[in-house]
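Number of protein chains: 2
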Amino acid sequence: MKAPLFPAASFADLNARLRDLPEFDEAAAAAAQARQGQLTKPPGSLGRLEDVAVFMAGWRGKARPGIAHAQALVFAGNHGVCAKGVNPYPQDVTVQMVANFKAGGAAINQLCRASGAELAVVALELDRPTADFTEGPAMGEAEVLDAMAKGAEAVDPNADILLLGEMGIGNSTVAAALATALFGGAAADWVGPGTGADAAVMARKIAAIEAGLARHEAMRQSPLATLAAFGGREQAAICGAILAARMQRIPVLLDGFICTAAAAVLEALGVGALAHCLAAHVSAEPGHARLLEKLGKTPLLALGMRLGEGSGAAVALGVVRAALAAHDGMSTFAEAGVSGA
Amino acid sequence: MKAPLFPAASFADLNARLRDLPEFDEAAAAAAQARQGQLTKPPGSLGRLEDVAVFMAGWRGKARPGIAHAQALVFAGNHGVCAKGVNPYPQDVTVQMVANFKAGGAAINQLCRASGAELAVVALELDRPTADFTEGPAMGEAEVLDAMAKGAEAVDPNADILLLGEMGIGNSTVAAALATALFGGAAADWVGPGTGADAAVMARKIAAIEAGLARHEAMRQSPLATLAAFGGREQAAICGAILAARMQRIPVLLDGFICTAAAAVLEALGVGALAHCLAAHVSAEPGHARLLEKLGKTPLLALGMRLGEGSGAAVALGVVRAALAAHDGMSTFAEAGVSGA
Chain A
9 MKAPLFPAAS
19 FADLNARLRD
29 LPEFDEAAAA
39 AAQARQGQLT
49 KPPGSLGRLE
59 DVAVFMAGWR
69 GKARPGIAHA
79 QALVFAGNHG
89 VCAKGVNPYP
99 QDVTVQMVAN
109 FKAGGAAINQ
119 LCRASGAELA
129 VVALELDRPT
139 ADFTEGPAMG
149 EAEVLDAMAK
159 GAEAVDPNAD
169 ILLLGEMGIG
179 NSTVAAALAT
189 ALFGGAAADW
199 VGPGTGADAA
209 VMARKIAAIE
219 AGLARHEAMR
229 QSPLATLAAF
239 GGREQAAICG
249 AILAARMQRI
259 PVLLDGFICT
269 AAAAVLEALG
279 VGALAHCLAA
289 HVSAEPGHAR
299 LLEKLGKTPL
309 LALGMRLGEG
319 SGAAVALGVV
329 RAALAAHDGM
339 STFAEAGVSG
349 A
Chain B
9 MKAPLFPAAS
19 FADLNARLRD
29 LPEFDEAAAA
39 AAQARQGQLT
49 KPPGSLGRLE
59 DVAVFMAGWR
69 GKARPGIAHA
79 QALVFAGNHG
89 VCAKGVNPYP
99 QDVTVQMVAN
109 FKAGGAAINQ
119 LCRASGAELA
129 VVALELDRPT
139 ADFTEGPAMG
149 EAEVLDAMAK
159 GAEAVDPNAD
169 ILLLGEMGIG
179 NSTVAAALAT
189 ALFGGAAADW
199 VGPGTGADAA
209 VMARKIAAIE
219 AGLARHEAMR
229 QSPLATLAAF
239 GGREQAAICG
249 AILAARMQRI
259 PVLLDGFICT
269 AAAAVLEALG
279 VGALAHCLAA
289 HVSAEPGHAR
299 LLEKLGKTPL
309 LALGMRLGEG
319 SGAAVALGVV
329 RAALAAHDGM
339 STFAEAGVSG
349 A
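Taken in sequence, the protein lines are chains A and B.
Okay, so the first sequence: first residue is 9 according to our numbering, each after it adds one.
Okay, so the second sequence: first residue is 9 according to our numbering, each after it adds one.
Wrong hints could be hidden among the right ones.
Identical copies look the same in the list; a pair holds intra-copy or inter-copy alike.
To be verified - Listed below are the simulated SDA-like cross-link pairs for lysine to any residue, each with C-alpha atoms no more than 25 Å apart in a straight line:
| # | residue 1 | residue 2 |
| --- | --- | --- |
| 1 | K70 | A276 |
| 2 | K158 | G193 |
| 3 | K158 | A208 |
| 4 | K10 | A211 |
| 5 | K302 | L277 |
| 6 | K10 | I214 |
| 7 | K305 | E343 |
| 8 | K110 | P51 |
| 9 | K305 | P30 |
| 10 | K110 | R228 |
| 11 | K10 | G93 |
| 12 | K70 | G112 |
| 13 | K305 | P294 |
| 14 | K70 | E151 |
| 15 | K305 | A20 |
| 16 | K70 | N23 |
| 17 | K70 | G200 |
| 18 | K10 | Q99 |
| 19 | K305 | Y97 |
Derived by calculation from the structure, the hints in this document are not laboratory data.
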């Protein structure tokens with residue numbers, strides 16, 4: 009068992025601990041691939057279901073992995089940049105939606121029930137929004153590390169797969185800021201309507217990001233400093249959860265634009281920290297497809313969803329379950345007495 | 009209750025009965041759409057899940073439809089055109105795979121279990137392949153109508169949704185022949201590798217279709233005669249099942265290239281016979297995307313699958329279940345005390 013990543017004393021301390029992440033189990037994956045070639049179907053005919061089965065085998069370290077326990081984590085945070093009018097909804101909605109999650113009334117509750125995931129919601133100091141990133145760093149180093157640790161702690165070590173989602177009024181602006189800072193291009197290339205911004209709100213989103221980029225020019229040299237400059241607590245918690253899952257070899261289903269932008273911070277660290285993550289879907293938020301391309305991830309689903317909350321991840325869990333059901337349950341040509349090609 | 013479509017005495021008789029198919033319930037769909045606008049999410053943010061919920065509402069005739077019973081039907085047939093060397097697998101595999109379905113060892117068994125569909129397999133005179141369509145019509149009118157009736161009879165009137173699939177060595181050639189006959193273009197535009205044809209087998213597929221098209225030039229004036237010229241019994245049974253589902257207002261999930269090519273015969277009748285059908289996925293078989301475009305259907309999934317058996321439909325059922333779970337189970341803004349935009 010490797011030493012835990014959190015708590016970490018500093019960004020430098022955390023960076024040092026990330027040099028030795030658990031790797032994909034090539035032997036288990038090869039055994040899974042060999043099994044796929046013997047099952048009663050033309051080779052490759054289950055397409056991505058075969059890839060997903062081999063992926064799961066490699067990360068779980070067994071040729072025929074199952075999903076006894078799927079965990080869905082939704083992290084919620086509030087954002088100082090809302091002062092700049094970047095969202096049509098009042099910021100109170102973050103608290104209201106957390107209550108809705110806890111009462112079982114949101115989309116993610118139904119979608120987790122439909123696909124068999126256990127949902128936990130982690131609200132991160134909703135009464136204390138991060139600082140407005142147009143006026144200073146959104147968070148200090150200790151705040152980022154604390155939120156990352158909270159994300160890591162929330163991961164159930166007994167989970168066979170982890171679904172990640174978020175809620176936070178204003179956080180599509182935070183995500184677009186992170187994407188612009190990490191990958192370059194104009195803010196307008198990464199900004200989308202989010203929960204339903206009109207042209208005026210879109211212009212305010214772009215202006216806020218441009219102001220933040222100008223202010224934090226120096227901080228953008230390091231991915232974790234970029235997260236501190238722009239990110240909310242839920243983005244940091246997502247990063248912490250992804251890393252904790254990796255330490256336990258738990259594969260992750262990333263949700264939409266905001267979740268993926270948070271994950272991109274880890275990718276930028278250059279240690280292959282997202283190798284155990286699948287892109288659940290590509291959302292209707294226009295920056296998401298571009299972001300997935302930068303990360304080299306092909307989404308499982310493209311259903312025009314743009315809700316967040318982990319909703320796309322919950323639907324994609326059904327595809328992963330299908331992949332493993334076929335992989336584990338099918339007969340081989342020999343077992344079934346079926347002639348090969 | 010409308011009069012049953014089958015048994016039908018002739019193609020002309022069946023055509024006459026198709027002029028009065030049950031239609032989409034606009035009132036139920038409007039009620040579902042109105043509900044979607046009140047649920048705790050930005051309007052439209054569940055993307056195609058919202059469309060699917062409204063589609064299901066319109067066909068089931070209720071604002072909040074459920075899926076208590078999902079039926080999957082796999083029809084199996086054998087094809088005289090296999091004499092022309094159009095498939096790398098021996099034709100015995102059709103019988104062997106039916107046994108595999110019945111024993112629970114095939115992909116479709118696992119995928120139905122994963123998504124909660126009840127599978128029934130209907131083998132259609134496997135010991136009596138249809139005639140080789142390069143030498144004469146594959147079936148006579150009575151044979152087509154008999155297979156259609158068998159397909160119709162297999163539909164459970166208590167199903168809330170019907171998944172359709174097929175098995176039949178050689179039937180990707182049959183499907184490409186139907187598509188070429190119905191939509192035009194060169195045979196080579198519609199032919200793909202199927203279960204794994206190499207260049208020589210592909211050339212034989214194209215040659216067989218070209219020979220069949222030349223021989224049945226006159227029969228191609230009528231879609232049902234085209235089905236008789238080229239089709240197998242499983243294609244006819246799929247048509248019968250689609251029509252029987254329509255009479256009961258049961259929505260249908262079409263599977264891949266072969267299933268969709270069979271359905272295209274009904275579309276060509278010009279009576280909107282596929283309005284209650286969703287394209288479950290777009291397969292890796294290259295003609296499928298083109299076929300879906302001709303039918304104006306956007307697939308729910310694109311996972312590179314190309315197995316048939318109803319496998320794509322079974323995976324897509326998970327998406328439909330997710331759509332209805334969100335639609336039925338979510339709280340409205342008023343119920344949850346969440347502020348709107």
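Checked hints:
1. In the homo-oligomer, the alpha carbons of K70 and A276 never lie at most 25 Å apart, since the shortest distance is 29 Å inside one protomer and 49 Å across protomers.
2. Taking the shortest Cα distances, K158 and G193 never come within 25 Å of each other, neither inside one copy (32 Å) nor across copies (60 Å).
3. Within a single copy, K158 and A208 get their C-alpha atoms no closer than 36 Å, and across copies no closer than 60 Å, so neither meets the 25 Å cut-off.
4. With identical chains, the CA atoms of K10 and A211 are never at most 25 Å apart, being 47 Å at best within one copy and 57 Å at best between copies.
5. Taking CA atoms no more than 25 Å apart as the test, K302 paired with L277 passes inside one copy only; the shortest distance there is 14 Å, against 46 Å between copies.
6. For the identical chains of this complex, K10 and I214 are neighbours neither inside a copy (42 Å) nor across copies (58 Å), given an alpha-carbon limit of 25 Å.
7. In the homo-oligomer, the alpha carbons of K305 and E343 never lie at most 25 Å apart, since the shortest distance is 36 Å inside one protomer and 38 Å across protomers.
8. With identical chains, the CA atoms of K110 and P51 are at most 25 Å apart between copies only, with a shortest distance of 22 Å across copies and 45 Å within one.
9. For the identical chains of this complex, K305 and P30 are intra-copy neighbours only, at 20 Å inside a copy versus 44 Å across copies, given an alpha-carbon limit of 25 Å.
10. When the C-alpha separation of K110 and R228 is checked against a cutoff of 25 Å, the pair qualifies neither within a copy, at 36 Å, nor between copies, at 60 Å.
11. Neither within a single protomer nor between protomers do K10 and G93 lie at most 25 Å apart by alpha-carbon distance, with minima of 44 Å and 57 Å respectively.
12. Proximity of K70 and G112 under a CA criterion of 25 Å is satisfied inter-copy only: 24 Å between copies versus 34 Å inside one chain copy.
13. Proximity of K305 to P294 under the C-alpha cut-off of 25 Å is found in both arrangements, the shortest distances being 16 Å within a copy and 23 Å between copies.
14. For the homomeric pair K70 and E151, neither the shortest alpha-carbon distance inside one copy (37 Å) nor that between copies (50 Å) is at most 25 Å.
15. With identical chains, the CA atoms of K305 and A20 are never at most 25 Å apart, being 28 Å at best within one copy and 53 Å at best between copies.
16. Taking the shortest alpha-carbon separations for K70 and N23, neither the intra-copy value of 29 Å nor the inter-copy value of 56 Å comes in at or below 25 Å.
17. In the homo-oligomer, the alpha carbons of K70 and G200 never lie at most 25 Å apart, since the shortest distance is 41 Å inside one protomer and 35 Å across protomers.
18. In the homo-oligomer, the alpha carbons of K10 and Q99 never lie at most 25 Å apart, since the shortest distance is 40 Å inside one protomer and 54 Å across protomers.
19. With identical chains, the CA atoms of K305 and Y97 are never at most 25 Å apart, being 31 Å at best within one copy and 35 Å at best between copies.
Of the hints listed earlier, those the structure fails to meet are numbers 1, 2, 3, 4, 6, 7, 10, 11, 14, 15, 16, 17, 18 and 19, in rising order.
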